[in-house]
Each structure stands twice: as structure tokens, then as C-alpha cells.
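Novice: Take a look at the letters that make up each chain.
Protein chains: 2
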Amino acid sequence: MTALDRTHRTAHPSWVASAKDHPQFPIQNLPWGRADEGLVVAIGDEALLIREALAAGWGAHFPPEVRGALRHGQVNALASCPPDQWRMVRHALFDALSDRDWEARLRPALRPQSKLTMRLPMHVGDYTDFYASVHHATNVGSMFRPDQPLLPNYKWVPIGYHGRSSSIVIDETPVRRPTGQVRAADAEVPTFGPSRSLDYELELGLVIGGHNRLGEATVVADAADRIFGVVLLNDWSARDVQAWEYQPLGPFLAKNFATTVSPWIVTMEALKPFRVPMPPRPAGDPAPLPHLALADDWTWALELEVELWTLGLHKKGMPPHRVSQVRFDEAMYWSPSQLVAHHTSNGCNLNPGDLLGTGTISGPTPDSRGCLLERTWRGSEPLQLPDGTERRFLEDGDQVILRGRAVKAGAVPIGFGACRGFVLPA
Amino acid sequence: MTALDRTHRTAHPSWVASAKDHPQFPIQNLPWGRADEGLVVAIGDEALLIREALAAGWGAHFPPEVRGALRHGQVNALASCPPDQWRMVRHALFDALSDRDWEARLRPALRPQSKLTMRLPMHVGDYTDFYASVHHATNVGSMFRPDQPLLPNYKWVPIGYHGRSSSIVIDETPVRRPTGQVRAADAEVPTFGPSRSLDYELELGLVIGGHNRLGEATVVADAADRIFGVVLLNDWSARDVQAWEYQPLGPFLAKNFATTVSPWIVTMEALKPFRVPMPPRPAGDPAPLPHLALADDWTWALELEVELWTLGLHKKGMPPHRVSQVRFDEAMYWSPSQLVAHHTSNGCNLNPGDLLGTGTISGPTPDSRGCLLERTWRGSEPLQLPDGTERRFLEDGDQVILRGRAVKAGAVPIGFGACRGFVLPA
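Going line by line, the protein sequences match chains R and C. Going left to right, the first sequence walks through residues 304 to 729 as our numbering numbers them. Going left to right, the second sequence walks through residues 304 to 729 as our numbering numbers them.
If we strip away everything but chain R, and leave its shape as in the complex, we get (with noise of 0.2 Å):
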């Protein structure tokens, strides 16, 4: 559905030996990310230090302001040059990283990926959260309006709201249990204090490329190339918090104490072997409504899963354990180019770097729900882990560990890395 050209193809070997058969970063994936030494781009183990790269003569063929936008520390420069740029800039670390005359003036400029320290890859101005899988918001719905779980706006208007951008954080950086005020159920009067019910969300984020001028949309069918890369995001939430201050605005406290995200940008282009159609509606649903139409709608063939994995602050350590497992184009009602061409068709601006989450991403069998409040039915079916403990939400000491791979037959599988946060006590 999509033209594919010679990064995509399945046999080619890199340089770096460690690219090969590499389960998240062989040489057909070259994600984008920022450590101290600027941008970085992952092969195997290693990491491409870029400028590093362009002052040993790499990229010497390219125009002034990739050359720019590239020595820059994040990458919303390169995400602001035109789509057209980010494949020249793919393919010449293609042609570099596989080109074995390349090797003695670029293996300088490799570091191993255990070296670097990560930064946020990207500068976020805005960041909005989607709600765009139906089974979560089906299951959500069922828990708090057990008449009618799906709101009738839910498959006419992908639902999104904003959410906060400075405090999304990179993988790894310790996420402190929020105090919030929260009521029980059978309080007459609410208390202030930690969340009794911290939650993660299993989302992915849209980076977004290029910009469009306020007052004037994107269209669906422009709305690919909005999308520069794709990243692993854990939605943090306060489930206490969110049941008692999000009427009738939304949520607020309950979400905006951490977001975190992956530290690997996957593009648009290494996740082009991997666009599957998006599945039809179900019968009976209506037609999405023509500015939201997309002959040919696309999704991606990913597999994510959420590991759980503690410290045992309080009680006996336990291996990273798999809580559950979901397949992206199973799960989505809306599509990303449907979440592009909403988010601008009232004439909002998007900007290079502005982070568009999915909403939890849940399958429609109990194993592949995103997010605990789902996977233990607000807790009343408690996770039984192989320590012996049980889970209703997290609990201090907890790691959350979101993967992502892309798989499909004849592509070789790619992968996000990871996106991990661990729980601090309030």
C-alpha cells in the first residue's frame, strides 16, 4: 500500500555487527533519539553520535539546513524540514551504516547504547491524549455508566483532550506516587493524600513532523506526512484522583504528574513495511464522516505488551512479568491519520515535536487490556503474580515496562525499545 525502496529490504547486512538480526534495531528500523552528545540514531547495540558523524564527512551531499537541523539537540529541526528530507537522511545512514567504505570513518563516531545518558528526543509544546481504542473505552464506560458504556459521540469523534507537557519524562526517570484529593465511595467528604490507586496506560505517541498555520487543517489524506516517528508513552494515572475531579472537564491532577515516553523515535519510514489496513467498522457503525474518510486507511502491525517487574520494597523481589499483550491494528477505532486530520480540522496548529498519544491501547480479550484498571476490573479481579503477591494498581517499589515490536511476514521485525518507569513512594 505504501512504496517500500531498498532500506526496507530484508537482506542487507550492516558494519556494525551487532545490527544483525537484532530484535529491536537492525539496519531497517535507524530510530532517532538524543543523548548528551546531541542526536543519535540506534544500530544494533551501538548508537550513530550524528555529529560526529557529519563533521567525519557524513551527510556532506545534503542541503544547508538538514546539515542544521541536524546539529541541533533534539529533534524537532529535522522534524520541521519536509518528509522528503527525513527519507534522504534515512537512506544515506542506510547507505553509510552498510557500506563497509564507510566503516573507518564512522566507527569513531558509534557508541555503545549502555553509555549514553538519554534525553527526551523531543522538545514537546503540546501534547494531546487520544481515546481511540473502542475496547478501552468500552471497558472504562462499563465500569462508570454500566447503561451505556460508549458515549453516542464515540464513533462519529475521535475523543482527545491535552494534556501536559512538562512533565513527560524519558524512560527510566523514577515516577513519584501523586497525592491528590480523592473521595470514597462512601465518604460524605473527600481527603487529601497518595493515590491508593496509581495506574499505567499502554499508549503510543505520534511525533509530529512538519506544521500547518493556524486557521488551516490538515486534511486525512495529507495527514501521513504529518507523522515523523512513533514512540512507546505510559499515560501515568491517579484512578482515585480521576473519579473525583474529572467531571465535568476531563481529566486533570489524576494524569498530569508524569508521562513517560521511550527513548527511540521509530519513523514513519522504517514503519512503512509494516502498514496493514485498518479493519472495517462492524456493521451497523456509521461511516466516518467525509472529512474524517480515508479511502485505503492504514494502521500498523505492532505488538506491545506491559511487563511488570518490582523491587519488593516491601515484600520479595520478582523478574520482569508479562501482564499483557495486545496487538495494535486489533485494537484501534480511529486511525492515525484520522487523529492528524481531527486534531486540525478546526483550523488548531500542530507543531514539529507536539506528541499525539493514542489513548490506552486494549484488545478485546481481558489479557490484552492496557492498563490495570481494565486487567483487574477496577480491582475487583486482582492480578495474581508469580511472587505470590497480588496487584489491584501499582505499588511503590513497581517497574512498568511498556515493548513494542512491528512484525509482518516478509519485513523484517523492528522494534521500540523500551519504555520504563519505576515507582517511587509519595
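Since the hints were derived computationally from the structure, they do not count as laboratory data. Among these hints, one or two may not hold up.
As the list claims (entries may be wrong) - Pair by pair, the computed Cβ-Cβ distance ranges are:
1. R:Leu686 - C:Pro497: 20 to 26 Å
2. R:Leu614 - C:Ala358: 45 to 51 Å
3. C:Ala487 - R:Asp525: 25 to 31 Å
4. R:Pro623 - C:Arg390: 24 to 30 Å
5. R:Ser321 - C:Pro497: 54 to 60 Å
6. C:Glu633 - R:Glu475: 45 to 51 Å
7. R:Arg516 - C:Thr420: 16 to 22 Å
8. C:Ala729 - R:Lys711: 40 to 46 Å
9. C:His514 - R:Pro367: 52 to 58 Å
10. R:Arg516 - C:Glu519: 36 to 42 Å
Each residue gets a CB set at the ideal place from its N, CA and C atoms; glycine is no exception.
Dock chain C against chain R, hints included.
Specialist: Structure of chain C alone, referenced to chain R:
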């Protein structure tokens, strides 16, 4: 209730002649703005170019970091300095603009305000909008939930949500009527088209100063030091879009197409003489929980108003006509300090330049309601205008003008200037 100093004295002439008895910008005000020439301070009908003033020798005694902050193009760097330094700069401005010995050196750094092109005074990292006027919340609630106008959380939680930073625009920026998805009351399915119920919202915007680290709250007793200053704010709203989209996660496209702010940040220090006690809560209302309780909590004595003016794109024109007038100190249920303390109470980090809208400011009487939704009671009681037309909601060619003044016996009144927006057709 707070210590005043020489900059608040009533009789203090400036050598800038137009500052004397100026209704907006006497020497007691000294608000911050940004022009193409960098930071500027309003004085009478003029503005002082700060970079030129520094070059002329003003501020020579400031620490280097303050001089550096003042050379920045926006107020964010100054707002990140400690409040003592905000006051030091204010004193130096006041002294130089009232001391004739400075006139020869600083007069060349003055420009008529009418010759400057004003820009957004701050970079807004995150924009939050509250819902802190109980009259507004009660009015809107009684339209949508007649049986329960105020939800149970309202008197416990300062309700707020995150807005869009990218679409914040400065005074006089035209606002295009947004297009969006709406469902008529009697319709089976929604349609997509220009909003038919475009509205304004009269608000104040608190501009944040200083930092709190992620995970560390600013306690209510320290909250005043987190407010650098105040602007007028118009939170444009498409009511038909809002009604259809806002469940369950709050307003999104109904509001993120534009938010207009006034060009001058009136500082906390300039507003000190206008502090008045927060009105007592009505009998029977709960006391705030301890983390929101401030002995001698305060608000500001401000007179705010909305004017409507029309170019008459479709009809004959009309000069500015006042449609609402409200006292801030009679309208709000939650105080400025409570908004800041609540926002950070879960550890959410506020950064310099962040913007906190108060929510629509409505008083107890019909002519003090701060948006057309309330003013015309959802369009059922249209406003009769002097040109013989009526308004349920805004028409193309209308201009909305917000104005504000701080007025209190014994103090020289100061003004906020204007916050204007002209409605363009979709």
C-alpha cells in the same frame, strides 16, 4: 495586607508627561510587554525599550543574570529569576522614570506604543484553564444539568483542564470561525461545518514565575510568589462543537482553535495595592481542605468588562458597546493562590511563562456574565444591540474587546489595556 513601598505611592510624577493620570499605565503600573525590539515596559502612551535602556546605562547595578534576562526577547527569563529580582527591576524602572536626571539618557529609548508591533509577551510552555467562578459554573451547569447545576466536587476541587499552547495569540490577531463536528438537538447524526455558536470567555491569565521541580508541590502559603503577573484572556469557544465532543474527557476542538491574551503583563507587585480579602464562603459551604487553606486569603479588586463592536460585514456597523461588566473579587470561588497550590499539589511542575486561565469570570447578575452562552442564556434571550441587531452568539465581523482596571480607594488605578479579537468567516 501586604507591604507597599515607594512604587505604590499615589503622588509621584513621571517625566513622561502622558503617564500623569493615565487611565491604564501611570508610573505605578509598569507592565511588561514584548515588541519586535525585545522587552518593553508601558509608561503612559509610550513604551520603554529595555535593551536600549540597558545600553544607555540603566540597570548597571543589576547582577549579570538579571541583565541577561532583560535582554531576552520574552519575559520567561526574567520570570525565572527570584521575586526579589522582579521587585529590584521594578524599583529601578520606577526611579529612572520619575527622576529627571535620567530623562536625557532614557528619552531616546521611549517609543509611542502606537508605533510598536506587539508580540506574545511570554513563551507559554503549558496553558491550563480553570473554572473558578462559581456563578459561571452554576449558570452553565443549570443549562446542561438542571437537576444538579454544581457537581459535588466543585466546592472541594478547583476544577481545571489543560488547554492548547500553540494557538495562544496576541491582542488584535484575527480569529477564524472554526469548523467542527456538531449534532443538532433533533438530529440523528452529526454534521461537519462552521460553528454556529461561537463565543468569547472573559478571563484573567496568571503568568507563572519561578519553578517547582517535578514531584514537589508549591504550598499555598508560597503560591503568591509563583505569580509573575496577570493578563486579560479570551478563551474563544465553539459551543455547538463543545456540547457534542466534551463527554467524557472535556473540551478539545471547541476551544483549541484560538486563545487571545492582552499584550501587557501587569505584575504582582503593581497589583499589591489592590489586594482585598477573598469573600467568605457562603454559610453551609465546606472549608477548603488544609492544603488549599490560606489564612487571610486574598484576591484583587478588579473591574472587568466586555465590549462588542462590529464592522458590519453583513449589516451596518456599530461602535463599541459594553455587554458585560463584572468585579473579579465578587465572582471567584477559588483564589489565585489556591489555583497555583492545587495545580502543583500532585507534584506537577509549573514553569516560568506558563499560563493559568481563571475560567470565565461571571458575577451574580445577568449583566455581569462573562460569555454569551450565559449572557443570552444559550441563545434564548438574545442581546439587543444599539444598531438594531441582536446577538445570540458571535457573527462574522464582530470584534470582542476585553478591558480591565484595578481600582481601590487610596490607590492610583491601573489598567490592563485591551484584549481584542476580530471574527473572520470560516
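Novice: Determine for every hint whether it applies to the structure shown.
Specialist: Comparing the hints with the structure gives:
At about 49 Å, the beta-carbon gap between R:Leu686 and C:Pro497 misses the expected band of 20 to 26 Å. Separated by about 57 Å at the C-beta atoms, R:Leu614 and C:Ala358 break the suggested range of 45 to 51 Å. C:Ala487 and R:Asp525 have their C-beta atoms about 30 Å apart, which keeps the hinted 25 to 31 Å range intact. Distance hint for R:Pro623 and C:Arg390: a CB-CB separation of about 53 Å, inconsistent with the stated range 24 to 30 Å.
Restraint check, R:Ser321 to C:Pro497: a C-beta distance of roughly 56 Å satisfies the suggested window 54 to 60 Å. For C:Glu633 paired with R:Glu475, a C-beta distance near 50 Å keeps the hint of 45 to 51 Å intact. Range check, R:Arg516 to C:Thr420: Cβ separation about 19 Å, and the 16 to 22 Å hint holds. Checking the proposed 40 to 46 Å range against C:Ala729 and R:Lys711 shows it holds: the Cβ atoms sit about 42 Å from each other.
Checking the proposed 52 to 58 Å range against C:His514 and R:Pro367 shows it is violated: the Cβ atoms sit about 36 Å from each other. Restraint check, R:Arg516 to C:Glu519: a C-beta distance of roughly 38 Å satisfies the suggested window 36 to 42 Å.
When held up to the earlier numbered hints, the structure conflicts with 1, 2, 4, 9 and fits the remainder.
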